[in-house]
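Visitor: Order-wise, the sequence lines are chains A and B.
Position one of the first sequence corresponds to residue 70 (the working numbering), numbered consecutively onward.
Position one of the second sequence corresponds to residue 20 (the working numbering), numbered consecutively onward.
Hints were generated in silico from the structure; no laboratory data involved.
Treat the hints with caution; some may be incorrect.
As the list claims (entries may be wrong) - One side of the interface only, derived from the structure: several residues of chain A facing chain B at Cβ under 7 Å:
#1 MET74
#2 LEU76
#3 LEU79
#4 SER83
#5 VAL84
#6 GLY87
#7 PHE88
#8 VAL91
#9 LEU98
#10 THR100
#11 VAL115
#12 VAL120
#13 VAL131
#14 ALA136
#15 ASN143
#16 GLY146
Stated by the list, open to error - Derived DSS-like pairs (lysine-lysine); straight-line CA-CA distance at most 25 Å:
#17 B/LYS48 / A/LYS93
#18 B/LYS275 / A/LYS93
#19 B/LYS323 / B/LYS466
Small disclaimer: the values here were computed from a predicted structure and weren't measured.
Note that beta-carbon positions come from the ideal geometry of N, C-alpha and C, so glycine has one too.
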Amino acid sequence: MSQNMALLTLFVLSVFVGFEVVSKVSTTLHTPLMSGANAIHGVILVGAIIVAGHADTTWALVLGLVAVVLATMNMVGGFVVTDRMLEMFKGRKPAKAVDAATGEPPR
Amino acid sequence: MNTPTWVSLSYLVAAVCFILALKGLSSPKTARNGNLLGAFGATLAVVTALVSEDLDHLALILVAIVVGSLAAVPVARRVPMTAMPQLVALFNGVGGGAAAIVAGMEVPKTGGGFALVASLFTVIVGSVSFSGSMVTFLKLQEIMTTRPVVLPVHGVLFGGSMAAALAGAVAVFVDSGEGTTALGVLIGVAVASLLVGVLFVLPVGGADVPIVISLLNAFTGMTVAASGYVLSNVLLLVAGTLVGASGTILTRLMAKAMGRPITSTLFGALKGGSTAGSTAVAGDRPVRSTGPDDVAILLAYAQKVIVVPGYGLAVAQAQHTVRELADLLQERGVEVLYGIHPVAGRMPGHMNVLLAEANVPYEQLKEMDEVNPQFATTDVVLVIGANDVVNPAARTEGTPISGMPILDVDQAQNVIFLKRSMRPGFAGIDNELLYQPNTTLLFGDAKDSLTKVVSAVKGL
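The following block holds chain A by itself, in its conformation from the complex (with noise of 0.2 Å):
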C-alpha cells in the first residue's frame, strides 16, 4: 500500500512539473518540442526490455522482442530526428532584442 501511495505521489507531482516546464514555449518551438517529448517515452524501452528479459515462453520472448525493437525505434529515432529539427537553429543568435526595430515608419 505504502508503495502505491509512493507511485501516486511521484504521479500527481510528475503532472505538475509536466504542465510547468511547457506553459511557455513559443510556437516557432511546438514542433521540436512534441518531437523531444515524443522521444522521451520512447524510454517505454526499458519496459520492453524487462518484459523480454522475463519471457517464458517463445511467443512471449517473440512479442517481448518486437516491443524492444518497435521501442527502440521510438526512442532512437526520436531523438536523432529532434536534433536534426535544432540543428537548423544553431549559429544564429535569437534576435529577440532587434524586436524594436520593426517600428518602421509609416508612409
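Given the coordinates of chain A, assemble chain B onto it according to the supplied hints.
Guide: Leaving out everything else, chain B in the frame of chain A:
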C-alpha cells in the same frame, strides 16, 4: 520494491534529465542541449535496466535494440525536413504499440486490482495511439487522401468498437486476467482498440492532423506512465507522466494557434457538416495568370514585399531561391519581410525551421500578429505554396477552417500566388482569394518559377 539503491539513483538522474530536456526544448538557445540531455537520460535508463535486471535472452534483446536502431536512424537522418511531421507520427505510433505489448504481456501477472486496470488501459490507449498514428502517417505522406474521411455509419462503427474494447476489458478484469479465455478476449480488446484508433483519425481534416499527432503523443505518454505503474518502475511512471502532461498542454497550445477548440477539431467530421465545404469544386471560374517577367517587374519596383511561404515552398525545396530573390530585391532597396503563419508548413514552427535552414535572417521572419497590420501598406504579397493559411473562407462560418486565424494578404495592393495547379490546399477547400481582381497566379513548380523570376529581376 527491492531495487538496489544505485539503480534507483540512476533512474532518478534519468528522470531529472528528462525534466531538464523538456525545459531546455522550450527555448531556442537551450533546445539542442536539452534534446541531447534527454538522449543521455534515456541511454542511462536503458543501460541501467540491462545491467540491473536479471535478464534472460540478453543477446537477443541486444540484437533487437540494434535492429530497431538500424531501422530508425538512417530514416531519421535522411528524411527531408518537409517529411518530419509524419516521421514523428510514425515514431510515436511504434512507441504506443510497444507500450500496448508490454502491458498486454503483464496482464496475466498482475493478479487483478488497479495494476490490471492500468495494463488494460495501456493495451487500449496504446493500440489507439499505434493505429491512429499510422493513419496520420499515411495522410501526411499522402499515401491516402488528406481530406476528412467519413465512412457510412461512422459514428456507429466508432461507438461500437469503443464499446467492444471496453466490454472486453471488463471481461478480462472480472476474470482477473488469468485463464486461457482471457488471452483471446485480450487480443479482441487490442483489435477493437486498433479499429477505434483508425476510425478516430480518419475524419480529421488534413490541416488538423498536427493537433492529432500531438494528442496521440500525449496518449502514448500516459500509456508509458501506466506501464510504469504496472511494472513498478518509477522512471517509466515519471517520464510517461511528464510527456502525457506536457503533451496535453502542447496540444491545447497548438489548437489555440489554429483558433480551434480541440473537440471540434477531432469530432467535427463525426458530427457531419464540418466537411460540407470540402466538396466545393474549383470549377471553371476565370483567374488571372501571368509570366515570370511581369512578376519580376512588379516585385522590383515595389517598396514593400511580404513573402508568405507555405508547404509548397518546402516541397519544391525553394527556400534557398526565395532567399536569393529577397537578397536581390533588398539590394534594389525593396523592403522584404516574411509573414509566417503559426501553422505554415504542416506543423507549428515548421516553416521557421525550413527558412532557418536557408539562412533567412531571423529579423525578417514576422509572426502573424506582427505582420497582419502591415499588409494594408504592402505593394506585393508573394504567396508561395501556401493556401489554407491565407484563405478568407476561414472568416466565414461552416467551412473546415472556420475560425482559424489567417494572414490578411487580401488587403495588399497585389497578391501573387505561386501555385502548381488550381488544386485546393491541404484542407481541401477552394480559395476565394484566387479569383479576386488584385490576385495574379504564376503557375508552375515553385522553385522553377522563382528561378525564372530571379533571373528576370537580374536582367532589369
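Visitor: Look at each hint and say if it fits the structure.
Guide: Results of checking the hints against the structure:
1. MET74: violated, 12 Å
2. LEU76: holds, 6 Å
3. LEU79: Cβ of A/LEU79 sits 6 Å from chain B, so the hint holds.
4. SER83: Interface hint status for A/SER83: holds (4 Å vs cutoff 7 Å).
5. VAL84: The hint holds - A/VAL84 has a Cβ within 7 Å of chain B, the shortest such distance being about 5 Å.
6. GLY87: holds, 3 Å
7. PHE88: holds, 5 Å
8. VAL91: Holds. Min distance 4 Å.
9. LEU98: Status holds, d = 6 Å.
10. THR100: holds, 4 Å
11. VAL115: Holds, because the Cβ-Cβ distance from A/VAL115 to chain B comes to roughly 4 Å (cut-off 7 Å).
12. VAL120: holds, 5 Å
13. VAL131: With a minimum Cβ separation of about 10 Å from chain B (threshold 7 Å), the hint on A/VAL131 is violated.
14. ALA136: For A/ALA136, the interface hint holds, since the closest Cβ of chain B sits about 4 Å away, which is under 7 Å.
15. ASN143: holds, 3 Å
16. GLY146: holds, 3 Å
17. B/LYS48 / A/LYS93: Distance of about 14 Å is within 25 Å: holds.
18. B/LYS275 / A/LYS93: holds, 13 Å
19. B/LYS323 / B/LYS466: It holds: about 22 Å lies between the C-alpha atoms, which stays within 25 Å.
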